[in-house]
Structures are given as C-alpha cells and as structure tokens.
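**Student:** Chains as they are written, first to last, in the working numbering: chain A, 1058 to 1422; chain B, 1058 to 1422.
If you're looking for bench data, these hints aren't it; they were derived computationally from the structure. Do not take every clue at face value.
Since the list gives no way to pick one copy over another, a pair counts as held whenever it fits inside one copy or between any two copies.
[Said to hold, decoys possible] Taking lysine to any residue pairs in the SDA-like style, the calculated list, with each CA pair at most 25 Å apart, reads:
| # | residue 1 | residue 2 |
| --- | --- | --- |
| 1 | LYS1139 | ARG1083 |
| 2 | LYS1139 | ARG1064 |
| 3 | LYS1139 | GLU1413 |
| 4 | LYS1105 | PRO1070 |
| 5 | LYS1105 | LYS1371 |
| 6 | LYS1105 | GLY1115 |
| 7 | LYS1105 | ARG1116 |
| 8 | LYS1139 | MET1072 |
| 9 | LYS1371 | GLY1331 |
| 10 | LYS1371 | ALA1239 |
Treat the numbers as computed from the prediction; the structure is a model and nothing was measured.
Protein chains: 2
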Amino acid sequence: MTPPFTRILRDMPAMTPFVGPETLERRRGATFALRLGANESAFGLSPKARAALTAEIGRTNWYCDPEHWELRSALAAQCDVKPENIVVAEGIDGVLGIVVRAFTEPGDTIVTSAGAYPTFNYHVLGYGGRLDFVPYREDCRNDLEALAARARATGAKLLYLANPDNPTGTFHGRAAIEDLLARMPEGCLLLLDEAYAEFAPAHELPPISGEDPRVIRLRTFSKAHGMAGLRVGYGVATTRLIDAFNRIRMHFGVGRLAQVAALASLGDDDFAAGVVREVARGRTEYEALGRELGLNTIPSLTNFVPFDLATNEKSDRVLARLAERGVFVRKPGIAPLNRFVRITVGTGPERAALAETLRAVLREF
Amino acid sequence: MTPPFTRILRDMPAMTPFVGPETLERRRGATFALRLGANESAFGLSPKARAALTAEIGRTNWYCDPEHWELRSALAAQCDVKPENIVVAEGIDGVLGIVVRAFTEPGDTIVTSAGAYPTFNYHVLGYGGRLDFVPYREDCRNDLEALAARARATGAKLLYLANPDNPTGTFHGRAAIEDLLARMPEGCLLLLDEAYAEFAPAHELPPISGEDPRVIRLRTFSKAHGMAGLRVGYGVATTRLIDAFNRIRMHFGVGRLAQVAALASLGDDDFAAGVVREVARGRTEYEALGRELGLNTIPSLTNFVPFDLATNEKSDRVLARLAERGVFVRKPGIAPLNRFVRITVGTGPERAALAETLRAVLREF
C-alpha cells in the first residue's frame, strides 16, 4: 500500500525543535499565568498594524498576493536594496527551510554553534544535511573565528549565525561580522539570522548589500513588531539566490492579514522604537533582579535575559518550580548553556510578577 | 562565495503555478472590478469565525500552537478519526508539499491528470519527481481506470486526484472512488484532493477511514469556509503517515488567527451550508447564461463553472477582453481544457455584472 518514505526521512532522528506552551498547559491541566518563555513581544501590535489588519478581515476570503509585492517594496526601501533582493516567507523558519532546501544535498556539512537555533538544525536534518557544531566561547559568545575555520575545514555549504544571538542574547558588532564575512571560505553561504536586530544599536549592524554573494540576512516581524502569531519573516540576498528561492518557495503561505499588518508596522517607526526602549528598561530590571538574587545574567541585546543558575540540575529544578507556579520560561538544552534559564522581558506588571515568583522559588533552595 | 544549488534546483524548469490577480492588476495599472478567477468564496467568513478572529487579534504577538491541538481535535470529531490522523498546514498547498517531500526520491514517477492542479506539479518538480500525465476523458472527467493503470505501469509512488475536480468541476461518486482505491497498485498512495468536498452531495463522498494506508484525504478552509487568505488546509491519513509528516512539517506555519477562525467556522454548520446553497443557485444561473449565449458549460460540483468557448484561441481572446473590462477569470493551460474559461460563482450582484460583461464581450465576436 503506502510507498516507502524517502531515505532521508527514514534515517531522520525524531526531533521537536520547540514544545509549545500550549502543549505544556495541556499536560499540566492549567494555563500559565506568565508566558515568558518564547521571546514573544509583550507589547503587542502597532496600532497601525492593528488597524490595517482589522480593515483587511473582510478580504480574508481572497488569496494573498503570492509575490508579496507591496511588503517587499517597502522592505527594499528600508534595507536600501531592490525588491528582487527579498524573499518573504512564514517567519524566519520558513526562509531557513527554503535556503537549506536550495543548497543541501544529502550528506552535506553545515556548521552552526552548539546550542544555537534548534529549528535551523531541524531543517538541516530534514534535508539530509550533516550538522557540525562549534562550541560557544566564554560560555555564551558565538566563536566567529572558529565557525569560519570549521566551515573551511569541513567544506561546509552553509554557516548559521544568529546575531544578536539566541539563546544567549550576546552580540557581535559590525567589525566582527565584516571580519567573519572576509573569512568565509569559497562555496559557503552565511545565514545571518538577525531576528533581534531591532534590539541592537543600529550603527553596529553591518550595512546590507543586496548583492553580497557571501550572505543572506534574515529578519522577522515576530519580535519587535509583535507578530509571532502572524508568521512573517524575510531574507535579503542576491537576486540570483532570490530567483532560485522563488522556484521552490510556498507561494501563498503568508496570508493577507500577515502581509498588511507587516506593511503597516513597518511604516510605524515610533512603535518599534518604543518597544525597543521598554525592552531595554526591562532588561535592566532583570539584571538588577539577578544581582539581588546572586545570579549572574548575560548582557543581552535581545528581548530576553539568561539567568545563570550555576548548574544544569539547578536550572532544571528552578524551571520546574516556576512552571508549577504558573510561569512559562525555557532553557537551552546543551552544555554549557543548559545552566541558564532564559526569561523574556515582559510588561512592567509581568516583570514584577516574575520577580516575585523567582524570589519565592529561590528561597526554597 | 555562494555554494552550488542542489542538482534538483539546477535542473528544474522555471514554473509559476498561478499568477495572482494582484500581479495582473499591477501590469494593467488598474484593479479588477470583478475577481472571479481564483475560486475564492464570494461569501466571506462565518460570523463566528470573524468574531473568534477579532477576539484573537490581541494575542497575535504570541506564537501559535504548533500542534494545532484544538483544531485537529475538532476536525477529528467531524471526520470520525483520531487527532493523530490529521496534519494541518498552510492550505492544501502546504500539505501537498509535505506529502510529496516525504515520498519523492529524485526520478520517482508520480501520476496525475494532464491539466490538473499546477501547484501539485510544482511540488513534484521541486522534489525531483517525474510527472506522468493521463489525459482527461470526455474532455473533462478524470479517467480513474487509466490513472490507476498508469500508476501500476510506471511504478508510481503517488497518484493525485482532485474530486470534485479542479479545473473542470466534475465529480466521481463514492462507488467510483472506492473502485479506484481497490485498483491502487501496491506501493502507491492516492492523494485525494477534496478541496471542494462541501459542494458535492455528502452521501456521495467516500467515508473517511483514518487508517486506510492507500489514501490521504486533503481538505481546506479556503473554499466553502471563505478563508483562502488565512491559509488552513489539512490531511487525513494513517497515524504512521502523520507521524512522519510531523518530522518534516513547518511547526509554526499556521498562525493564531487562522487556527481560531478555522475552529470557529467548523462549529458553524449553518454558514457553510448556506454558502453551498448560494453557490448552487449561482451555478444554475451560470448554466442558464451559457445556454443564452450558446456556450456549453461543464456540470460542476464546485464553486466555479467552466464555459466552453470551442477553441483555445477564442477562450484566450474572451479572457483578454474580460480582463480589459475589469473582470479577472482564468482558464486551464492545457488542451483540450484550454478551450474553456473557468468562472467563479460570485455574489448575486457579481453574477449579474459578470453576465452583462460576458454578453457584451461575446457580441464583439
């Protein structure tokens, strides 16, 4: 009856990149009071995005524009590239899937940091690639020299780097990224995941060239723009790459509401800037909380802060106790990062509630 | 610099399954007055879906449930299967992509009708499959015996059938589908695309078994439920298949608004039934219009009616004249279907406007 699955699928390890908070809520039989584990924005949609989305509800019976023309045009103007340098997909996850698929033959090597974004790894394994991991240095910083050296040594086709980083929050400035680009071996493409770019100093982000063949930049509306549930991400790369991606991407995957909301939010500079300011305030509070509780925190340029619980065992226990008290947070799965608990910056009241709960939990130890 | 694309991508023909009406509008420099080319529902969202969606806007900053648990549970109850028999993705297009990817090794043969759904073909080529086409019989009916025979003769892994059919609107009843299932060769899976199932008589749809290893059923909220722009489709298949699909699918691709709207619409039987009744009324009007204008129409069990313009050339010209007058419709690209123009059933006023324009265009010939 059923035909055999492809060899790649038969050989694949089972892997769930992220267990959603809804799944955890079903398991525990209760909702979370504080949802601070998925680095979602606590600050919602731009009022302009909300208005555009609401106005579009009457047209959800229509398919979306599969070319995302208006959104790509606005993004191109903002990035100072051509619309032909941009691919839009269902979040950065969607773009990563397209890029990995476009380049990965079974057995190809792909380099990333050990403990970096699980969904990237999921795509690599899903297309039969072989992951080669480079440890973080100083526990929490992507080791750019080692990543480039490893890509060269293994003949890697793709090198993945999140900057600012997830799950650590650390950041490399413009000079470091330009140095990495200069070190990229021939035949290796840098996937530069800038999901948290808005939270870093703008002048420290490397300028975007649409025709740099060494890199694809990845950005999203899920974080500063507060649209994780709407699924809009994009990549900036050479027209040659974008042309190829257009031949394999899902054309209608980014719906009408997502497109109009992203377009409107892009036109609301004040909103994203306000989110970034409030998140910076929240990080400062979290750092002060860490000092109060005797926990180191990693200086972060994202919307989350990792708290150092000293050991994997203790961070596991703290995570479990927080969950029992209705707080959803996450932790990295791989040493040495697994001694941290990563907490999203919430609203002021959410931060106050988190602080109170974390104090109570730590008093138990 | 950039690594080589995969061999599949290098060898792929460029292909755009559908040029969107927005693209045509940009080319012509004006919007369409009547959008009747993409078989979108003219009857919008269920009020319950609209209310659920509107209530969810405040949570679009949250990621969706990647397990689609509530929606899958409701679908399972409706289909009389288990939630573990259901995969949800970004429209039927998304499900087709997963299924094709799960089974297609480069060079594998996959059978479909010549002129059937272009996006299925797009996925097959995108994963390196080889398409083998079976002609429609009597111009417009899927030839089930020939499809099964061709699958057997070619050792095909997948056989695609839309029922009710797109782009013809024709339908095979339960006995014919059960006969096809009995004819399916070992090692070949039937992809039964039932996007238009709601428009066919319920008692003539074959009953759904979640554990039939010969078939995956594909359904969507894009048609009767009016959610083409929200992107929700699903597949019903054995738990073994769904397990495998879960290992390669995009987990977060179906956003929060899409999930809550689909769930609410599913709970609003009266709405979909009303759409189906109004569409049937509209088809009757279109058939009468065909008779008035001396054009044969294909009896359709979908939300569109194909009008027979006798030749490919004439249907091309009528399509162009309709576009000049602000009417967006489409036609199949492959003989013998390419002598038809396929027109979506609009609202009453849209149907009246279409009739007036079509009369005017045909007077010019």
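**Student:** Give a verdict on every hint.
**Tutor:** Hint by hint, here is what the structure shows:
| no. | hint | in the structure |
| --- | --- | --- |
| 1 | LYS1139 / ARG1083 | between (45 Å within a copy, 17 Å between copies) |
| 2 | LYS1139 / ARG1064 | neither (39 Å within a copy, 28 Å between copies) |
| 3 | LYS1139 / GLU1413 | neither (49 Å within a copy, 42 Å between copies) |
| 4 | LYS1105 / PRO1070 | neither (43 Å within a copy, 41 Å between copies) |
| 5 | LYS1105 / LYS1371 | neither (44 Å within a copy, 47 Å between copies) |
| 6 | LYS1105 / GLY1115 | both (17 Å within a copy, 13 Å between copies) |
| 7 | LYS1105 / ARG1116 | both (18 Å within a copy, 16 Å between copies) |
| 8 | LYS1139 / MET1072 | between (37 Å within a copy, 22 Å between copies) |
| 9 | LYS1371 / GLY1331 | neither (35 Å within a copy, 58 Å between copies) |
| 10 | LYS1371 / ALA1239 | neither (41 Å within a copy, 58 Å between copies) |
Hint check: violations occur at hints 2, 3, 4, 5, 9 and 10; the rest are consistent with the structure.
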